[in-house]
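Novice: Required output: the full structure, derived from the provided sequences and hints.
Residue numbers (full-length UniProt numbering), protein chains in the order written: chain U, 1 to 263; chain V, 1 to 310.
None of these hints come from the bench; they were simulated from the model. We put the CB at the ideal spot given by N, CA and C, even for glycine. Be aware that a few hints might be false.
[Claimed, not checked] Distance ranges between label pairs, derived from CB positions: (1) V:Thr10 / U:Phe105: 15 to 21 Å; (2) V:Gln169 / U:Ser137: 26 to 32 Å; (3) U:Ser142 / V:Gln169: 28 to 34 Å; (4) U:Gln190 / V:Gln169: 56 to 62 Å; (5) U:Ser137 / V:Gly40: 55 to 61 Å; (6) V:Trp55 / U:Asn146: 45 to 51 Å; (7) V:Thr79 / U:Thr152: 55 to 61 Å; (8) U:Thr152 / V:Ala139: 27 to 33 Å; (9) V:Pro29 / U:Leu27: 46 to 52 Å.
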Amino acid sequence: MLKHESIETNSGLLIVLTLIAIGIGGLVEIVPLHYIDSTIEDVKDPQTGLEMVRPYSPLELRGRDIYIREGCYTCHSQMIRPFRDEDLRYGHYSLAAESKYDHPFQWGSKRTGPDLARVGAKYSNAWHTQHLMAPRSVVPESIMPNYPWLMTTNLDYSDVADRMIALKKVGVPYTLTKDEYAGWTDDKGQKHPGTLERFGEQVANTLDINRAEDSLLAQAKAGNYDGDPSSISEMDALVAYLQVLGTMVDFSKFDEDYFIQFR
Amino acid sequence: MANPVKDPLTGAETTGHVWDETLQEFNNPLPRWWLWTFYGTIIFAIVYWTIYPSWPIGGSYLKGLGTITYKTDAGEEKTTHWNMRALLAKDMQTGEQALKQKAYLEKVSAASYEQIAQDPDMSAFVRSYGNGIFGDKCAACHQAGGQGVAGLFPTLVDDDWLWGGDVEQIHQTIVNGRNGYMPAYNTTLDATQVDEVANYVLSMSGIEHNAEAAAKGQKIFNGYAGGCYQCHTTEGKGLYSQGSANLTDQIWTVADTTAEETPAERLALVKNVITNGIQRQMPVFGKQLNETEIKVLVAYLKQMSGTQQQ
Numbered sequence: 001m002l003k004h005e006s007i008e009t010n011s012g013l014l015i016v017l018t019l020i021a022i023g024i025g026g027l028v029e030i031v032p033l034h035y036i037d038s039t040i041e042d043v044k045d046p047q048t049g050l051e052m053v054r055p056y057s058p059l060e061l062r063g064r065d066i067y068i069r070e071g072c073y074t075c076h077s078q079m080i081r082p083f084r085d086e087d088l089r090y091g092h093y094s095l096a097a098e099s100k101y102d103h104p105f106q107w108g109s110k111r112t113g114p115d116l117a118r119v120g121a122k123y124s125n126a127w128h129t130q131h132l133m134a135p136r137s138v139v140p141e142s143i144m145p146n147y148p149w150l151m152t153t154n155l156d157y158s159d160v161a162d163r164m165i166a167l168k169k170v171g172v173p174y175t176l177t178k179d180e181y182a183g184w185t186d187d188k189g190q191k192h193p194g195t196l197e198r199f200g201e202q203v204a205n206t207l208d209i210n211r212a213e214d215s216l217l218a219q220a221k222a223g224n225y226d227g228d229p230s231s232i233s234e235m236d237a238l239v240a241y242l243q244v245l246g247t248m249v250d251f252s253k254f255d256e257d258y259f260i261q262f263r
Numbered sequence: 001m002a003n004p005v006k007d008p009l010t011g012a013e014t015t016g017h018v019w020d021e022t023l024q025e026f027n028n029p030l031p032r033w034w035l036w037t038f039y040g041t042i043i044f045a046i047v048y049w050t051i052y053p054s055w056p057i058g059g060s061y062l063k064g065l066g067t068i069t070y071k072t073d074a075g076e077e078k079t080t081h082w083n084m085r086a087l088l089a090k091d092m093q094t095g096e097q098a099l100k101q102k103a104y105l106e107k108v109s110a111a112s113y114e115q116i117a118q119d120p121d122m123s124a125f126v127r128s129y130g131n132g133i134f135g136d137k138c139a140a141c142h143q144a145g146g147q148g149v150a151g152l153f154p155t156l157v158d159d160d161w162l163w164g165g166d167v168e169q170i171h172q173t174i175v176n177g178r179n180g181y182m183p184a185y186n187t188t189l190d191a192t193q194v195d196e197v198a199n200y201v202l203s204m205s206g207i208e209h210n211a212e213a214a215a216k217g218q219k220i221f222n223g224y225a226g227g228c229y230q231c232h233t234t235e236g237k238g239l240y241s242q243g244s245a246n247l248t249d250q251i252w253t254v255a256d257t258t259a260e261e262t263p264a265e266r267l268a269l270v271k272n273v274i275t276n277g278i279q280r281q282m283p284v285f286g287k288q289l290n291e292t293e294i295k296v297l298v299a300y301l302k303q304m305s306g307t308q309q310q
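Specialist: As structure tokens, then:
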């Protein structure tokens, strides 16, 4: 029989029992969200039936890695809450579906800078480049640090395929095999749609790990995000990432009521 | 505990735990106020569970008795269990502040730009509401006061426009964005030719230049070699349809010659633009702003540029 005294005088046992007590508290809050059906919204284009929220393209993915490396999340959240003031300032509240491929998610709970959940397509590439190099040259009152090395450091994309494989292991639908791309039918006759069917050809091609480098190079070249076409810098990747944030779901295609029904 | 241990000095009951020889823990009862507050929180929790969504049950959860009534976009009235999303929808539709704003927005939406400019009430609303939109969407590039950043983002506080300053043109710029493009002439023109064209460009707005070179530059500007006239016109006044700058008016949006002291520095700036070309982009805002917000913004910009009577 565990006695009060024996727990208090045995710090090892006290630590274990404390962890169990806190663990129960955490689990009852977190676990149900994984099996409540309506947690993650089903966001399909009403016209084409394609999924609107897609995994990041290889270039955007590298941009996200740089975002995390530079610690952008310490000052910027990516979570617009359903309040009138946030709706008016930042746009539509964030959906759970919009960060379902984020590992780890970037919601945050501290805003020193503004929320970035819908910063995509809001400013031009040139503005982002200028602002990251020298924030005060465009926003005089800003306290954000300068990130000039992003422009001069070439993007290392040699391991982009490995990074995608790692994310694939935690459930992000990047594809390695033809079946994963085009879909397959298992022994029981159950059909498994591939990325081609779920996201459409254009997106599915960017999710193909075998073509990751080509896709990264093509997007960087076509986008020329940092205004310098001679090289692919970390700036290219980061701006590509920032420009896609919050733009995947076209809210004009839905009745607002649709998203309320999930809560 | 069968035999409660008592503290010999005070006679109070202790838990029987002893540390460091004499340090004991009294077994006093919990203070009443604390105990009742604790029971109160338990009752509060139960009341809370019955009103708001709470316990998970399988793939669903207890929805609670609280309800919210809101309107769908289709205009249908709906009542649902209490949740933040429905609460927001209701607040946007019937909240006190939202309704006040809505009344103004409807008024502005129905009015013409002339009516807005002449009505002090609507003008004041445009100034304040437009300032909010401008601060959020536009000020990052064009700056809080609309003064722009020389060389990067054009100023909006004068009556000089690259893409046109009529309400229709400003509207078009906001809805679809703009892609400004001037080709780089580093391969088409040699260094001397660039120098001559630059001198001609300076001469057009009466800035100190080499007249001899400018005369040669004019031929390149209006000839096959440069072809500058195709966008900037032979008079150098620019075309709104191309977003090409008026070169005759001493207002510089890319090469900020007014900031330079010596003629050589001014010339170098202009040469730099000709050599490297320009690529500037204004994002599309038609998807981020609705028609009424864009109208308020256009009216706000007309106020800002001081051309609202146009």
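Novice: Range hint 46 to 52 Å: satisfied by the CB atoms of Pro29 of chain V and Leu27 of chain U?
Specialist: The hint (46 to 52 Å, Cβ to Cβ) is violated, given that Pro29 of chain V and Leu27 of chain U are roughly 33 Å apart.
Novice: Mind checking the hinted window 28 to 34 Å against the Cβ distance between Ser142 of chain U and Gln169 of chain V?
Specialist: Distance hint for Ser142 of chain U, Gln169 of chain V holds at roughly 31 Å.
Novice: Taking the CB of Thr152 of chain U and the CB of Ala139 of chain V, does the distance hold inside 27 to 33 Å?
Specialist: holds (28 Å)
Novice: For the pair Thr10 of chain V and Phe105 of chain U, does the Cβ-Cβ distance stay inside 15 to 21 Å?
Specialist: 56 Å Cβ-Cβ, so the 15 to 21 Å window is violated.
Novice: Does the hinted range 45 to 51 Å hold for Trp55 of chain V and Asn146 of chain U at CB?
Specialist: At roughly 50 Å between Cβ atoms, Asn146 of chain U and Trp55 of chain V fall inside 45 to 51 Å, so the hint holds.
Novice: Between Gln169 of chain V and Ser137 of chain U, is the Cβ distance one that fits in 26 to 32 Å?
Specialist: At roughly 28 Å between Cβ atoms, Ser137 of chain U and Gln169 of chain V fall inside 26 to 32 Å, so the hint holds.
Novice: A range of 56 to 62 Å was offered for this pair. Does it hold for the Cβ distance of Gln190 of chain U and Gln169 of chain V?
Specialist: holds (57 Å)
Novice: Verify the CB-CB distance for Ser137 of chain U and Gly40 of chain V against the hinted window 55 to 61 Å.
Specialist: holds (56 Å)
Novice: In this structure, is the beta-carbon distance linking Thr79 of chain V and Thr152 of chain U contained in 55 to 61 Å?
Specialist: holds (58 Å)
This entry does not satisfy hints 1 and 9, going by the numbered hints stated previously.
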